[in-house]
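Colleague: First to last, the protein sequences are chains B and U. Quick note, the first sequence lines up with residues 0 to 294 if you use numbering that gives the first Met the number 0. Quick note, the second sequence lines up with residues 0 to 294 if you use numbering that gives the first Met the number 0.
Treat the hints as calculated values from the structure; they're not laboratory data. Every clue listed holds true.
Pairs involving identical chains hold if they fit within one copy or between any two copies, as the list cannot separate such chains.
Calculated lysine-lysine pairs in the PhoX-like style (CA-CA distance at most 20 angstroms, straight line):
hint : residue 1 : residue 2
1    : Lys216    : Lys158
2    : Lys222    : Lys158
3    : Lys226    : Lys158
There are 2 protein chains.
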Amino acid sequence: MKMSRKINVNLDPENDFLYHLGFDTNSQNLEEMFGDVRVVCMGGSAHRMEGFAHYMLDILGYNLPIGTKLDDMTINAHRYSFFKIGPVISVSHGMGMPSMSILLHEMIKLVTYAKCKDPIFIRLGTSGGVGVDPGTVVITDKAYNELLHNVHEFCILGKRVPREAVFDEETIKQLIACKSEEDSFDIVNGGTMGTNDFYEAQGRIDGAVCDYTQEDKLEFLYKVQAKGIKNIEMEAPMFAALTRHCGIRAADVCVTIINRLNGDQVSLSPELKHEFEMRPQIVVGRFIKELLSRE
Amino acid sequence: MKMSRKINVNLDPENDFLYHLGFDTNSQNLEEMFGDVRVVCMGGSAHRMEGFAHYMLDILGYNLPIGTKLDDMTINAHRYSFFKIGPVISVSHGMGMPSMSILLHEMIKLVTYAKCKDPIFIRLGTSGGVGVDPGTVVITDKAYNELLHNVHEFCILGKRVPREAVFDEETIKQLIACKSEEDSFDIVNGGTMGTNDFYEAQGRIDGAVCDYTQEDKLEFLYKVQAKGIKNIEMEAPMFAALTRHCGIRAADVCVTIINRLNGDQVSLSPELKHEFEMRPQIVVGRFIKELLSRE
Chain B
0 MKMSRKINVN LDPENDFLYH LGFDTNSQNL EEMFGDVRVV CMGGSAHRME
50 GFAHYMLDIL GYNLPIGTKL DDMTINAHRY SFFKIGPVIS VSHGMGMPSM
100 SILLHEMIKL VTYAKCKDPI FIRLGTSGGV GVDPGTVVIT DKAYNELLHN
150 VHEFCILGKR VPREAVFDEE TIKQLIACKS EEDSFDIVNG GTMGTNDFYE
200 AQGRIDGAVC DYTQEDKLEF LYKVQAKGIK NIEMEAPMFA ALTRHCGIRA
250 ADVCVTIINR LNGDQVSLSP ELKHEFEMRP QIVVGRFIKE LLSRE
Chain U
0 MKMSRKINVN LDPENDFLYH LGFDTNSQNL EEMFGDVRVV CMGGSAHRME
50 GFAHYMLDIL GYNLPIGTKL DDMTINAHRY SFFKIGPVIS VSHGMGMPSM
100 SILLHEMIKL VTYAKCKDPI FIRLGTSGGV GVDPGTVVIT DKAYNELLHN
150 VHEFCILGKR VPREAVFDEE TIKQLIACKS EEDSFDIVNG GTMGTNDFYE
200 AQGRIDGAVC DYTQEDKLEF LYKVQAKGIK NIEMEAPMFA ALTRHCGIRA
250 ADVCVTIINR LNGDQVSLSP ELKHEFEMRP QIVVGRFIKE LLSRE
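Go ahead and model the full structure; you've got the sequences and the hints to work with.
Modeller: Here is the structure:
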């Protein structure tokens with residue numbers, strides 16, 4: 000599938016301040032700083048994305064000059080954490096579609112101003128599984144909203160707008176091909192539901208309030224499963240929709256840390272949680288090595 | 000107005016893990032740790048809420064024991080930053096209603112398990128003004144969603160649910176009474192629109208994409224203004240709705256950092272931005288001092 004960029008014609012490349020990142024086109028040469036970027040990796044927590052940055056250093060075999068360390072390039076904007084490892088960016092997006100949306104708008108402007116060539120955006124996340132074993136890596140094909148529609152529904156100027164929420168087929172195939180026989184975990188692809196809340200919207204019965212029963216919850220989760228949805232997180236539809244709208248190849252790679260058909264509380268040991276969180280990093284790490292070796 | 004708590008009957012006070020905070024009722028005595036809490040202050044960035052924690056230490060005249068410092072109590076959960084200053088909690092909520100929602104569910108469970116007496120939840124934020132001068136402090140009475148309805152509309156088990164989104168009248172009055180004649184800024188009350196996106200939903204023309212004109216945008220913003228809405232941010236409806244549903248007094252105190260009728264780009268100097276960000280802290284600081292002096 001070929002996609003064409005559909006970027007905002009109002010943008011002024013000479014005079015734009017990416018407020019939540021703290022970069023600007025006025026005093027900084029974004030092309031010089033980021034023109035070599037091929038892959039933008041995103042994940043919820045700053046801690047995890049700093050870890051991924053170090054993991055990338057490792058597997059790409061980069062040595063930083065003695066006396067230097069990776070620097071959070073957006074620390075003064077106080078919103079996200081942002082690391083550059085050669086052609087790879089590792090940046091946190093916080094939790095939920097609004098936080099993801101702010102990051103994505105500004106990252107898409109950044110790669111546009113920097114004239115990056117066909118950059119690929121990948122989210123590495125955690126999620127609740129629906130009928131799959133905890134520890135499974137799910138690569139999303141279609142993203143569903145809370146109403147179980149395969150769109151991102153949001154508002155523009157006070158009106159509801161649906162935007163197509165599917166990920167790039169070719170990138171999905173390439174990611175699935177990164178499976179190794181030695182892996183102790185499964186990689187599957189399927190639908191992902193992205194919600195605006197962790198408790199009520201996902202049918203958990205352990206939130207501060209709960210106006211439904213355990214039976215209502217299970218009925219809903221089986222309906223979710225029947226749609227081909229393999230996992231639930233809080234970013235997929237927005238992420239799929241905006242990247243596709245802008246003609247940017249994107250993928251969502253999440254490990255499941257619970258099977259929601261069996262419960263609500265996440266209670267992994269810190270060791271197992273870390274092992275699970277590494278799995279999307281392992282898969283995406285292989286994808287990036289392969290991509291760079293082809294170029 | 001008298002409110003009664005309407006907390007989830009499924010909760011097991013002996014066995015609950017507040018996943019995104021990292022507290023649990025099993026190995027920790029939350030009543031001993033947090034039973035004295037009177038006010039929970041929340042704001043977007045970890046940096047700002049750490050600053051507010053130090054500001055509270057200062058204005059409450061607390062001295063930490065020599066050799067100690069404030070500790071981010073939720074650092075190992077890697078999601079929010081959380082500080083306790085005697086009866087005050089200062090915690091970051093990230094950006095947007097989903098991130099706010101996760102925090103609120105877990106904070107409401109926390110104050111319930113800790114048996115806090117009538118705790119008050121206050122958000123201190125930044126916002127875009129609608130027809131008010133930058134630097135004005137807006138105290139929200141009614142919260143509006145992106146469709147300009149005075150509700151928080153969200154999904155429970157795949158169905159749209161509207162929840163009433165008004166803040167506590169008495170708390171608003173008390174906050175407005177904190178105005179001092181020496182203040183160099185205005186404090187007003189009025190409506191606040193909370194959106195799920197900073198760019199398209201707020202009618203900015205400087206996002207990565209923009210499928211409308213400057214004229215469409217202004218038409219929308221004047222419609223917003225005609226509703227009595229004084230500022231736009233990304234948390235108010237969800238925050239108002241869940242706290243009210245649970246019978247918790249709450250208030251939203253935001254400074255405006257731009258007048259959206261005049262533009263989209265936020266371009267304050269770091270000094271002025273800091274001065275503006277201090278204004279909600281000054282107002283809420285006075286409110287807390289007054290509250291504690293009455294008890």
